[in-house]
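S.K.: Got chain A sorted already, so can you dock chain B onto it with the hints?
Line by line, the protein sequences are chains A and B.
This note's numbering applies: residue 4 is where the first sequence begins, and numbers increase by one.
This note's numbering applies: residue 4 is where the second sequence begins, and numbers increase by one.
Be a bit skeptical, because a hint or two may be false.
[As the list claims (entries may be wrong)] Straight line, CA to CA, 30 Å or less: simulated BS3-like cross-link-like pairs of lysine-lysine:
#  : chain 1 : residue 1 : chain 2 : residue 2
1  : A       : 282       : A       : 315
2  : B       : 433       : A       : 282
3  : A       : 341       : B       : 433
4  : A       : 433       : B       : 282
5  : B       : 26        : A       : 230
6  : B       : 341       : A       : 433
7  : A       : 433       : A       : 26
8  : B       : 345       : B       : 26
9  : B       : 345       : A       : 230
10 : A       : 230       : B       : 230
11 : B       : 230       : A       : 345
It should be emphasised that the hints constitute simulated quantities derived from the structure, not laboratory data.
2 protein chains.
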Amino acid sequence: MPVFLNTAELDFESHFTALLTAKREDSPDVDDTVAGIIADVRARGDAAVLELTSKFDRLDLSSDQLRFTEAEIESECAKVPEDEVRALEQAAQRIRAYHVRQMPEDASWTDPEGATLGWRWTAVSAAGLYVPGGLASYPSSVLMNAVPAKVAGVERLAICVPTPDGVANPAVLLAARIAGVDEIYRIGGAQAIAALAYGTETIAPVDKITGPGNAFVAAAKRRVFGKVGIDMIAGPSEILVIADGDNDPDWIALDLMSQAEHDESAQSLLITTDADFGKAVMQAVDARLQTLERRAIAAASWRDFGAVIIVKDLEEAAALSNRIAPEHLELCVAEPDKLAEKCIHAGAIFLGAWTPEAIGDYVGGPNHVLPTARSARFSSGLSVMDFVKRTTMARMTPEALQAVGPAAETLARSESLEAHGLSVSARLEKLNR
Amino acid sequence: MPVFLNTAELDFESHFTALLTAKREDSPDVDDTVAGIIADVRARGDAAVLELTSKFDRLDLSSDQLRFTEAEIESECAKVPEDEVRALEQAAQRIRAYHVRQMPEDASWTDPEGATLGWRWTAVSAAGLYVPGGLASYPSSVLMNAVPAKVAGVERLAICVPTPDGVANPAVLLAARIAGVDEIYRIGGAQAIAALAYGTETIAPVDKITGPGNAFVAAAKRRVFGKVGIDMIAGPSEILVIADGDNDPDWIALDLMSQAEHDESAQSLLITTDADFGKAVMQAVDARLQTLERRAIAAASWRDFGAVIIVKDLEEAAALSNRIAPEHLELCVAEPDKLAEKCIHAGAIFLGAWTPEAIGDYVGGPNHVLPTARSARFSSGLSVMDFVKRTTMARMTPEALQAVGPAAETLARSESLEAHGLSVSARLEKLNR
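Extracted from the complex, chain A is given alone in its bound form (with noise of 0.2 Å):
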């Protein structure tokens, strides 16, 4: 049974408290194995690649046959159905509006003192996104990773899938291909991994890879860090939904279970100022798992994370959201926009009753990639920032080092940095010759 809550009892915090600590996901400890993976592949290249791809994939290549090819990419996407290729046309369309927005702008000025100053974002020049294979293979993962390294400048998007026993879906490649990605593997694991970061005889080094993974994808990106920069690595996902009396409790049930169907450790929360309403939620939630095609799932992620809380006001609500600085918040409320405002820690807000969380997995245009386990109190989810860096721009005449430079020697001087004093007096001193 999930547990349902009241702020008015006393026990309340030391309930809650044990909600937000709760342990749920238990990562193995590969970190050994993957270490010894990577170490092959920066070692033996393609070799080492082609052997793990046999063992773990079921699945015997050879150095060219690594890469799919632009008629197998072709082939297989005939495979996908009329329907979901509009969708993912629509999505890739409305993912692509949204993500432009996000593009920074340069900057340039000149202060008072004379010196030019500003910043320059330039692209990520090559990136690698992860997918993974069988159950969690997302077509729509792809669009969320992918479209943002394009929208960014990215030259070259290479992607690694694996298929197992030789096994495509049609539709990540469809998806991959909507999005502009230049080069897709047939490969997974550590090893996808090392290679995007290491490079082999086949496959060029990238400098930055995104995208979910299993524990050894997981340990392997850890891994890499600093050769390459990384997305986040993202925990098991979560919702919390804020919800007044008047909704219908069958909705908010179903959104809840959106969350808790695609993981045992998902977490899913409702915080309501109407008991009787909560009440009737879990009601429908239990209906729902009578028949959910994923019930199994649903059902051990809500009887053991999942929460109904009966708080006074929404102004409790929002001081318990928070706390919590869910992944996904929905703000079922007559007016959201206002209870949005006082929920200052959230990976995304989706506002009313008509916005149900589903609606950004696919196809809302914000980007799905969002961050858990409590981390909205300090990261954003994936946008087109994580495709960009920015270059520092810094430019003296004379009269402005005569403005600024003597701070800088005194500076210098006290941090006993002599030689940082030096070059900026040296410059002085020709100008006061």
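M.R.: Frame of chain A, contents of chain B only:
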């Protein structure tokens, strides 16, 4: 002797690759020790911090002495010479003026389907800044970390700075006060990072930790990452100067030495179109190495990792610079803006011979915390962006849901996520009823 290379020579490529891949830092493996310290602070809070401070800093404190009082800060600040006070104030003012311009803007728009989309930036609530003790205790670094945090709107900014044998650096405390830091604790090492991340009886936990530190601090930051956000783990400093023959060799020599004097692992590189000028710079470096206070460090860095590279033209210089992706890039050429356009991977660019890199360390305005070890290919220097996070916002209307909902249903079905699809179709059914 630093290497002297010429791109025209046959073995250039192998020498250049060796330069690029030289392992400059030999970090001791302190991870087990650090894991123990963090576990101890989590378990015993203040008591552990106090014991470790006694052990490592030879300083016996009680819990209520962990934090500097206002009176203590006041009395330390009074020790700072007047010219340093003015220099720190000028530096802070310039850093603030630059970083204020980095504040990202919220966005909100309604698209043709009637969906209102956008995003909102909010500040990290609480941040912690680590400041090393001893030789590398730089007040300028306090400004470079604390000013952007305060510009971003961080409400609670705490500093940890060790005071070995009870000796504080007055300029560090003054820089903290000028930057508006809220709390200063006299603790250091992995125990300080653990206290900031997990909190103790005296120190409330923060959401993000930034700032440089030794191997223990770096390992502790890596370990608490996820629980809190961290900035980059910086490697040894680097500079690349691209200069034509029309420069004063002594200026360029001093610019090279201003990085070399930081650390024996620092790297100073010169690329020039003029071989005679390159030799003149090497002679000027040798002359300066006779007298520099930190000549032992600077000479070791120059000897082990320095290089002068002769190129046939600036086009070639830019191409090499992009492979190096330097932390600091100084362009001492006739048309630095033109050359800068071609240098797409760099942490900071200093345009023209009147802009020595040291200006950027103190009073230029841009941040001096910059990506090292070729990570400018995929990351940026510290900025206001490190202390804010973005929440994406979406609000559907019934009409918007009718326009985009069917695509979400299709994609949910193709990904076998039934509840996702049902959360949309339950709403659409009501509209179509």
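S.K.: All hints, please: hold or fail.
M.R.: Going down the list of hints, with the structure as the test:
Under the criterion of a C-alpha separation no larger than 30 Å, the hint pairing residue 282 of chain A with residue 315 of chain A is consistent with the structure, at around 16 Å. Among the hinted pairs, residue 433 of chain B with residue 282 of chain A is consistent with the structure: their alpha-carbon atoms are about 22 Å apart, no more than 30 Å. Simply put, residue 341 of chain A and residue 433 of chain B have alpha-carbon atoms about 26 Å apart, close enough for the 30 Å limit, and the pair holds. Proximity of residue 433 of chain A to residue 282 of chain B is assessed by CA-CA distance (about 22 Å); at most 30 Å being required, the pair is judged to hold.
Between residue 26 of chain B and residue 230 of chain A the alpha-carbon distance is near 12 Å, which keeps this suggested pair within the 30 Å criterion. Restraint check: the Cα-Cα separation between residue 341 of chain B and residue 433 of chain A comes to about 26 Å, which is no more than 30 Å; the hinted pair holds. Annotation: proposed proximity of residue 433 of chain A to residue 26 of chain A is violated, straight-line Cα distance about 64 Å (limit 30 Å). Between residue 345 of chain B and residue 26 of chain B the CA atoms are separated by roughly 27 Å; this keeps the pair inside 30 Å, and the hint holds.
Restraint check for residue 345 of chain B and residue 230 of chain A: satisfied, since their Cα atoms lie roughly 23 Å apart, inside the 30 Å limit. Only pairs whose Cα atoms come within 30 Å are accepted, and residue 230 of chain A paired with residue 230 of chain B is accepted, the gap being roughly 23 Å. As the CA atoms of residue 230 of chain B and residue 345 of chain A are separated by approximately 23 Å, the hinted pair is consistent with the 30 Å bound.
Hint compliance for this structure: hint 7 is the single one not met.
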